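My request is simple: use the sequences and hints to build the entire structure.
Residue numbers (the working numbering): -2 to 178.
I should point out that these hints are in silico values taken from the structure, not numbers from a laboratory.
Some hints here could point you the wrong way.
[Said to hold, decoys possible] Derived lysine to any residue pairs resembling SDA-like cross-links, with alpha carbons at most 20 Å apart:
hint	residue 1	residue 2
1	Lys126	Lys136
2	Lys80	Glu112
3	Lys1	Asp21
4	Lys33	Lys69
5	Lys80	Glu101
6	Lys49	Leu77
7	Lys49	Lys11
8	Lys1	Gln40
9	Lys117	Lys127
10	Lys29	Gly8
11	Lys74	Glu101
12	Lys29	Lys74
13	Lys1	Thr66
14	Lys69	Gly35
15	Lys6	Leu48
16	Lys122	Glu112
17	Lys126	Arg137
18	Lys11	Glu62
19	Lys105	Val95
20	Lys11	Pro43
21	Lys1	Pro43
22	Lys74	Gln40
23	Lys11	Asn38
24	Lys74	Gly45
25	Lys69	Leu54
26	Lys69	Ile47
27	Lys88	Phe100
28	Lys49	Pro39
29	Lys69	Thr42
30	Lys105	Ile115
31	Lys105	Lys88
[To be verified] What follows is a list of derived Cβ distance ranges for each label pair:
hint	residue 1	residue 2	range
32	Asn38	Ala142	46 to 52 Å
33	Lys105	Val0	30 to 36 Å
34	Ala157	Lys136	27 to 33 Å
35	Ala128	Leu14	32 to 38 Å
36	Glu131	Gly75	38 to 44 Å
Predicted model, so just to flag it, every value in this text is computed and none were measured.
We put the CB at the ideal spot given by N, CA and C, even for glycine.
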Amino acid sequence: MAVKIRLAKRGRKKAPLYDIVVADARSPRDGKFIEKLGQYNPQSTPAGIILKDERALYWLMVGAEPTDTTRKILSVKGILLKKHLQIGVNKGAITQDVADARFESWSKERQENRESRIAKLSEGKDAAKKAAFEAERKKRADMEAAQQKVIADAEAAAAAAAAPAEEEAPATEATEESAEA
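Set out below in structure tokens:
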């Protein structure tokens, strides 16, 4: 019997959630399975992975083959590295203490890298928000300046139109006075 570690779909339409299961390769995707190892939520950022590490390692050691997606999930969680190190321990190439130390160092490095990526991602979002806010503020200031200029030009035109009318009025009065004299 060929055993696979694969995903079984559940959840709503366009909002999938997956169970990570161990199943016979001949059973349907959402059908009968041997054991549920965890859950995978691709909708969240970063993707949510809940996994029983020891059981997943057990099934890998007894020959269960992961599908491509579950292989990536197991790699991210470090299960495939644990398998690799455990094979080295079984062959006598390294001791269990050395294997545990290597996994711990890899795990710490991986966690620091993940935290830095998440921080960088959030900084990028904050910077983008700030840039968009500043662009909007500049656009609004330019619009207000343009409106003030239009108002000032209209007032200047009104003042210019009123000033020649006042100058012509005294001239007509002067001509009327000279005609009377």
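Quick rundown of the hints versus the structure:
A hinted pair counts as satisfied when its Cα atoms are at most 20 Å apart, and Lys126 with Lys136 qualifies at roughly 15 Å. Pair hint Lys80 plus Glu112 does not hold up; C-alpha atoms about 25 Å apart against a cutoff of 20 Å. A distance of roughly 6 Å separates the Cα atoms of Lys1 and Asp21; the hinted pair therefore holds under the 20 Å criterion. Restraint check for Lys33 and Lys69: the C-alpha separation of about 17 Å stays at or below 20 Å, so the hint holds.
For the suggested pair Lys80 and Glu101, the alpha carbons sit about 14 Å apart, so the restraint of at most 20 Å is met. Taken as a hint, the Lys49 and Leu77 pair is honoured in the structure, with Cα atoms around 13 Å apart against an allowance of 20 Å. Restraint check for Lys49 and Lys11: not satisfied, since their Cα atoms lie roughly 26 Å apart, outside the 20 Å limit. Under the criterion of a C-alpha separation no larger than 20 Å, the hint pairing Lys1 with Gln40 is inconsistent with the structure, at around 24 Å.
Only pairs whose Cα atoms come within 20 Å are accepted, and Lys117 paired with Lys127 is accepted, the gap being roughly 15 Å. With a C-alpha separation of about 17 Å, the suggested pairing of Lys29 with Gly8 holds against the 20 Å cut-off. The suggested pairing of Lys74 with Glu101 holds, with an alpha-carbon distance near 12 Å, which does not exceed 20 Å. For a cut-off of 20 Å, the pair hint linking Lys29 to Lys74 is broken: about 25 Å separates their Cα positions.
Straight-line distance between C-alpha atoms of Lys1 and Thr66 comes to about 12 Å, which keeps the hinted pair within the 20 Å bound. Under the criterion of a C-alpha separation no larger than 20 Å, the hint pairing Lys69 with Gly35 is consistent with the structure, at around 14 Å. Of the supplied pair hints, the one linking Lys6 and Leu48 holds, its CA atoms being roughly 16 Å apart against a limit of 20 Å. Between the alpha carbons of Lys122 and Glu112 the distance comes to roughly 15 Å, so the proposed pair stays at or under 20 Å and holds.
Restraint check for Lys126 and Arg137: satisfied, since their Cα atoms lie roughly 16 Å apart, inside the 20 Å limit. With a CA separation close to 28 Å, the supplied pair Lys11 and Glu62 exceeds the 20 Å bound. A distance of roughly 15 Å separates the Cα atoms of Lys105 and Val95; the hinted pair therefore holds under the 20 Å criterion. Using a Cα cut-off of 20 Å, the hinted pair Lys11 and Pro43 holds, with the two alpha carbons roughly 18 Å apart.
For the suggested pair Lys1 and Pro43, the alpha carbons sit about 25 Å apart, so the restraint of at most 20 Å is broken. For the hint pairing Lys74 with Gln40, the CA-to-CA distance comes to about 18 Å; that is within 20 Å, so the pair holds. For the hint pairing Lys11 with Asn38, the CA-to-CA distance comes to about 12 Å; that is within 20 Å, so the pair holds. Pair hint Lys74 plus Gly45 holds up; C-alpha atoms about 11 Å apart against a cutoff of 20 Å.
Restraint check: the Cα-Cα separation between Lys69 and Leu54 comes to about 14 Å, which is no more than 20 Å; the hinted pair holds. For the suggested pair Lys69 and Ile47, the alpha carbons sit about 14 Å apart, so the restraint of at most 20 Å is met. A C-alpha spacing of about 18 Å is found between Lys88 and Phe100, which places the hinted pair at or below 20 Å, so the restraint holds. Straight-line distance between C-alpha atoms of Lys49 and Pro39 comes to about 18 Å, which keeps the hinted pair within the 20 Å bound.
Taking the CA atoms of Lys69 and Thr42, the gap is about 16 Å. The hint holds against a cut of 20 Å. For the hint pairing Lys105 with Ile115, the CA-to-CA distance comes to about 15 Å; that is within 20 Å, so the pair holds. Annotation: proposed proximity of Lys105 to Lys88 is violated, straight-line Cα distance about 26 Å (limit 20 Å). Separation of Asn38 from Ala142 is about 49 Å and conforms to the stated range, judged on CB atoms against 46 to 52 Å.
Restraint check, Lys105 to Val0: a C-beta distance of roughly 33 Å satisfies the suggested window 30 to 36 Å. Judged by the Cβ atoms, the range 27 to 33 Å given for Ala157 and Lys136 holds: they are separated by roughly 31 Å. For Ala128 and Leu14, the hinted distance range of 32 to 38 Å is satisfied, since their beta carbons lie about 35 Å from each other. Distance hint for Glu131 and Gly75: a CB-CB separation of about 42 Å, consistent with the stated range 38 to 44 Å.
This entry does not satisfy hints 2, 7, 8, 12, 18, 21 and 31, going by the numbered hints stated previously.
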